[in-house]
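Enquirer: The primary structure of each chain is shown beneath.
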Amino acid sequence: MTNLKQIFSNKKAFIPFVVADDPDFDTTVDSIVTLADNGADIVELGIPFSDPVADGPVIQDADLRAFAAGVNTDVVFDIVEKARLQTDVPIIFLTYLNIAFKYGYEKFCQKCQDLNISGLVIPDLPYEEHQELKPIANEHDIDLIPLIAPTSGERIEKIAQTATGFIYMVSSLGVTGVREDFSTQLKNTIDRIKKVTDVPVAISFGIHSPEQAEKLAAIADGVIIGSAVVKIIAQNTANTQQDLADYAKSIKDAIAVKA
Amino acid sequence: MTNLKQIFSNKKAFIPFVVADDPDFDTTVDSIVTLADNGADIVELGIPFSDPVADGPVIQDADLRAFAAGVNTDVVFDIVEKARLQTDVPIIFLTYLNIAFKYGYEKFCQKCQDLNISGLVIPDLPYEEHQELKPIANEHDIDLIPLIAPTSGERIEKIAQTATGFIYMVSSLGVTGVREDFSTQLKNTIDRIKKVTDVPVAISFGIHSPEQAEKLAAIADGVIIGSAVVKIIAQNTANTQQDLADYAKSIKDAIAVKA
Amino acid sequence: MKEMEKETTESRHYGEFGGQYIPETLMAELDRVAQAYDHYKNDPDFLKELHDLLNNYANRPSLLYYAKQMTEDLGGAKIYLKREDLNHTGAHKINNVIGQALLAKRMGKTRLIAETGAGQHGVATATIADLFNMDCEIFMGKEDTERQKLNVYRMELLGAKVHPVTTGSMVLKDAVNATLQEWTQRIDDTFYVMGSAVGPYPFPEMVHDFQSVISKESKQQILEAEGKLPDMVVACVGGGSNAIGSFANYIDDKDVQLVGCEAAGKGVDTDQTAATIERGSVGIFHGMKSMFLQNKYGQIDKVYSISAGLDYPGVGPEHAHLAELKRAKYVGITDDEAVNAFEYIAKTEGIVAAIESCHAVAYVEKIAPKMRKDQIIICTLSGRGDKDVASIAKYRGVNIDD
Amino acid sequence: MKEMEKETTESRHYGEFGGQYIPETLMAELDRVAQAYDHYKNDPDFLKELHDLLNNYANRPSLLYYAKQMTEDLGGAKIYLKREDLNHTGAHKINNVIGQALLAKRMGKTRLIAETGAGQHGVATATIADLFNMDCEIFMGKEDTERQKLNVYRMELLGAKVHPVTTGSMVLKDAVNATLQEWTQRIDDTFYVMGSAVGPYPFPEMVHDFQSVISKESKQQILEAEGKLPDMVVACVGGGSNAIGSFANYIDDKDVQLVGCEAAGKGVDTDQTAATIERGSVGIFHGMKSMFLQNKYGQIDKVYSISAGLDYPGVGPEHAHLAELKRAKYVGITDDEAVNAFEYIAKTEGIVAAIESCHAVAYVEKIAPKMRKDQIIICTLSGRGDKDVASIAKYRGVNIDD
Ligand SMILES: Cc1ncc(COP(=O)(O)O)c(C=O)c1O
Ligand SMILES: Cc1ncc(COP(=O)(O)O)c(C=O)c1O
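Chains as they are written, first to last, in the working numbering: chain D, 378 to 636; chain R, 378 to 636; chain A, 358 to 759; chain C, 358 to 759.
It is possible that part of the hints are untrue.
[Claimed, not checked] Covered stretches of chain A (in silico footprint by chain C; criterion: 3 or more residues with CB under 8 Å from a CB of chain C, positions within the stretch not fixed):
id, region
1, 382 to 389
2, 414 to 428
[To be verified] Chain C is nowhere near these chain A residues, computed Cβ spacing over 12 Å in every case:
id, residue
3, N399
4, T446
5, H520
6, I608
7, E635
8, S638
9, K683
10, R684
11, E706
12, K723
[As the list claims (entries may be wrong)] Over the 10 Å line for every Cβ pair with chain C, so calculated as not near, a few chain A residues:
id, residue
13, P521
14, I544
15, L586
16, D612
17, V613
18, G624
19, E700
20, T705
21, D731
Bear in mind the hints are in silico, worked out from the structure with no lab data behind them.
Ideal Cβ positions, reconstructed from N, Cα and C, are used throughout, including at glycine.
Construct the complete structure from the given sequences, taking the supplied hints into account.
Expert: Here is the structure:
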């Protein structure tokens with residue numbers, strides 16, 4: 378299938394998250410390139426949705442800035458196209474299912490393939506419904522990246538067994554946001570996943586400092602950092618790209634030590 | 378019993394109505410005297426009640442003025458006492474039953490007798506309940522003057538048969554006030570009354586002009602004029618007593634012609 | 358409707374109370390109403406239509422609801438609530454209005470008039486006027502029309518004409534005065550639908566009878582649920598219609614304590630009160646001899662209560678009589694106690710009850726803990742409290758203006 | 358509760374609609390809810406308690422009222438009104454809330470959360486939380502909390518904590534988002550009481566089942582009254598709970614026409630509308646695949662209706678399916694038509710009905726005259742309109758502020 382799984386093979390992966398068109402087209406292109414150039418192994422790009430139920434206030438605000446800039450699905454594709462002129466970093470989309478559904482699954486996946494998008498993270502598409510998108514995505518060489526939560530319980534094995542690309546591990550209860558403590562169930566959950574699949578596990582939700590990243594990278598195959606990155610972009614100053622670069626490097630270093 | 382009935386024996390009686398203490402003590406004393414001196418055969422003095430359901434706006438307003446002046450039942454008695462120094466005109470009270478009830482029927486009637494009050498008109502004391510006051514009033518030589526209305530129907534004879542003093546004939550439907558037209562049932566009603574009693578009938582409610590008074594005096598034994606008199610007093614100018622005198626004379630003249 | 362026949366015998370007076378102290382202009386019409394009622398109250402056809410409307414329009418029978426949470430929380434007598442709040446239009450008023458309007462219809466009347474304080478009785482009357490296709494005019498103190506614009510609009514929505522009354526203190530008693538005057542002026546096609554168990558005979562009797570469906574049902578319901586009569590029946594008292602309806606079928610059961618809760622406003626001993634039986638004296642007003650709040654010269658007092666429905670200076674003559682006989686007990690409940698009860702019953706039972714009814718609830722809160730667990734209280738919830746939420750918020754200093 | 362068993366088989370999807378499009382964090386809990394419901398819906402004990410509460414707390418069965426005046430005035434089909442407005446708390450919402458809260462209790466939950474738009478569902482949930490002695494937190498768009506301060510106070514009075522939601526457009530859909538998020542963060546002791554026949558499986562099924570008491574009763578009642586089934590059943594559709602409850606027991610009776618009335622706001626063809634089925638397209642939102650008002654990129658629209666209860670950009674999946682199958686028909690009713698109907702039913706029947714319900718009444722006004730006199734319409738009055746009187750006055754330019 379895609380090469381997503383390979384990325385994790387010899388290192389802990391760093392996967393920063395950026396909202397497309399926040400606060401404008403060019404910044405997002407720059408941010409993708411900056412992150413790619415400073416250690417991002419995969420860039421996760423959020424396609425804004427009017428009603429992001431799985432996101433916390435930081436990302437909701439980013440969505441609002443993007444809408445103010447006039448974002449829509451085609452604009453997001455254009456951003457990727459522009460970024461692709463400067464970087465080949467693997468890119469995955471995070472979006473809500475209705476965005477893909479309304480675009481047309483086939484057309485959406487075709488567009489993703491054309492732009493060399495590696496995977497899709499869709500928080501409101503659980504295992505029970507994933508058959509409606511997975512076959513089409515796979516046809517277009519796109520991984521449908523499943524989410525697993527500490528609350529998943531008996532569902533863990535079922536989900537892990539059919540995963541491709543990597544597994545998006547939700548590290549704490551609740552929506553995205555910067556948190557200081559993490560679920561103790563985390564290690565156990567990952568152990569359960571590892572028993573049934575060799576698909577890598579990246580941890581998301583709540584990672585803020587290099588120290589946290591380091592700690593989590595020790596038990597998982599990669600870290601996904603959303604709100605902390607989006608907060609830097611939100612500052613929107615002349616230094617933003619530099620701050621982004623510094624932050625990315627600090628994370629990359631922290632997780633590289635343990636690799 | 379009292380001499381009320383006699384008053385009607387050789388003339389049409391003129392019975393003006395004044396609210397006690399409207400707008401103040403002395404004016405009422407003056408008004409009684411003025412009316413007596415200018416043709417009133419009986420003066421009807423209203424003891425104000427907080428809720429005069431049987432009165433129209435003109436008299437309600439007079440009541441409010443009297444309350445503003447601090448009227449109460451004892452004040453009314455004082456007014457009569459003062460007026461009695463200047464006139465022997467027959468005086469009757471119009472009031473609501475609760476005023477007499479609360480004073481104590483016995484005490485109230487005793488006071489009336491002391492002041493030479495000839496009769497009581499109590500709009501909310503119908504035939505069905507009059508036994509509660511009539512015996513006491515009679516003991517004190519006071520006539521309980523019954524009301525009869527065009528709507529009284531079968532009740533006319535029953536009421537007329539037990540009447541003493543005179544009968545207070547309500548000339549038109551509705552509450553007191555200056556009206557331009559009168560019930561056509563009026564004559565018929567009076568005829569029915571006359572068939573069962575020789576107690577005189579005075580007509581009230583709605584009489585305004587000497588012409589109206591003349592017309593009504595032709596079919597009844599007397600006319601009661603309330604709102605029109607109260608309106609003159611309401612003007613409360615230096616000329617009020619003179620106006621009152623002129624108006625009383627004009628009515629007296631109008632009904633005297635026909636007498 | 359057996360109880361009707363029984364209760365109405367000789368009820369022109371209730372002991373020294375009651376009677377017909379009303380202008381002669383209305384007496385013949387009152388006689389006609391009394392005669393018509395005497396006839397129809399035993400007319401199977403009339404009773405059938407009445408029951409049909411009570412059941413299929415007013416939504417009777419109303420629940421007798423076991424208030425488990427309150428009972429457990431108060432830890433004494435078992436508390437049952439008679440849920441008049443679940444009637445169509447949200448209060449007991451409709452029972453009486455259906456009865457009187459039906460009588461008016463049988464008498465050939467085509468126009469209903471009524472007084473209203475806060476608007477509850479006006480709304481009920483306007484509602485039934487729609488159902489019977491009759492004209493409807495409502496008299497309401499100007500001050501009340503301004504305080505209760507929403508209810509004025511509601512009555513107009515129901516097709517009624519609302520007349521603001523600008524005489525006197527421009528509140529409920531003045532509205533009664535104005536309605537009586539209006540009736541005086543037009544009796545041929547018009548029926549005065551009296552809003553409580555007050556006024557001249559036959560109104561107190563009619564209202565008693567039409568509201569007695571409350572206790573007729575509750576007696577049956579409590580016998581079914583508990584196999585015995587209640588130890589106490591509690592109801593709030595404005596003019597006394599829901600209370601007399603709640604008491605009626607228990608009056609002969611001497612072991613059933615009857616308690617009427619009056620509005621004490623800021624306190625029975627203050628000027629800001631409406632606790633007629635406790636604070637008032639015998640008088641004659643609005644067609645009846647009864648208890649009134651009045652000064653020593655018999656002038657009727659301005660009264661006060663947070664509850665518009667209890668804000669009346671008099672009380673029905675049958676209550677004055679029951680109080681004199683000590684067959685029923687009447688207690689004053691302050692604004693504060695009633696508001697606390699409003700909040701209490703909302704939180705414990707999930708019932709937003711009328712502030713009027715909460716005067717009864719407040720008494721239950723006091724008395725239930727002092728009673729044994731095998732004793733039973735039936736408390737009438739005379740109406741629902743949606744209408745009161747805004748004023749309770751204000752009372753609590755919460756601003757809820759849009 | 359036989360119909361429950363039947364209707365719920367294979368209802369995770371309704372044709373292509375329905376499903377469980379919800380974050381993984383909630384999926385295990387949703388499974389537990391589904392399993393618990395699967396168990397309890399056939400548990401005699403559960404059903405007994407449910408029925409007991411429906412009858413003795415919610416005041417069921419609700420009347421099926423023959424609207425004689427409307428029937429005569431419109432001159433066509435015979436009109437019956439299913440009177441959910443007479444339920445405790447004044448709307449059909451309580452039927453569902455009792456069911457879900459009872460399930461929550463059986464699952465050992467001690468805390469209820471719910472979204473609310475205008476406040477109706479929030480009030481119902483807070484009410485039942487009192488009865489069951491559970492904690493209650495309500496999420497309400499900040500804009501709605503400001504427009505509906507009175508209902509916020511009412512919920513607080515009932516002991517609920519109300520959270521103003523400041524994300525998105527700060528209205529109903531954002532409140533749903535916030536409640537889902539809250540649930541995500543605390544599932545152990547918490548149950549999300551869904552307010553309409555929407556959301557992920559098993560909510561649409563549960564709501565269908567709990568609301569189907571409406572048509573279960575109406576079917577029995579109409580057979581008793583008329584000896585035959587109705588020709589048409591009409592109900593308003595917001596999320597679709599009262600409509601699905603009104604339709605449920607007639608779905609297999611192919612001769613009974615089913616009509617859902619959506620809020621067309623300023624017109625189906627304007628931007629100011631909430632006519633989801635007529636104007637919307639298939640989408641996936643709030644856990645379900647269904648019809649939504651959305652732009653071509655799948656962003657959910659802001660919607661508009663004078664009626665807060667119909668002001669939702671989606672509709673329950675079973676309705677989307679019934680529409681697709683043409684088993685039910687969905688029509689848009691404008692603000693203007695609904696307000697006229699509000700006034701019409703008040704004047705003809707003396708019923709102040711919820712503005713939501715008046716969308717259904719407006720359709721009845723249009724269709725009844727075109728039907729034969731031997732035909733029958735049952736129209737569900739989903740709630741009472743006391744809450745709407747002020748806004749109707751405003752709509753008519755009447756100032757009713759205190
Ligand atoms: C809900 C409610 N309860 C009680 C009353 C008091 O009236 P009564 O004493 O006649 O029952 C009213 C009067 O408006 C009312 O609306
Ligand atoms: C009275 C009433 N009717 C209808 C609705 C619409 O909801 P549904 O379509 O779920 O019945 C609401 C929602 O608040 C309501 O309050």
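Enquirer: Going through the numbered hints above, which ones does this structure break? Give me the numbers in ascending order.
Expert: 1, 4, 11, 19, 20
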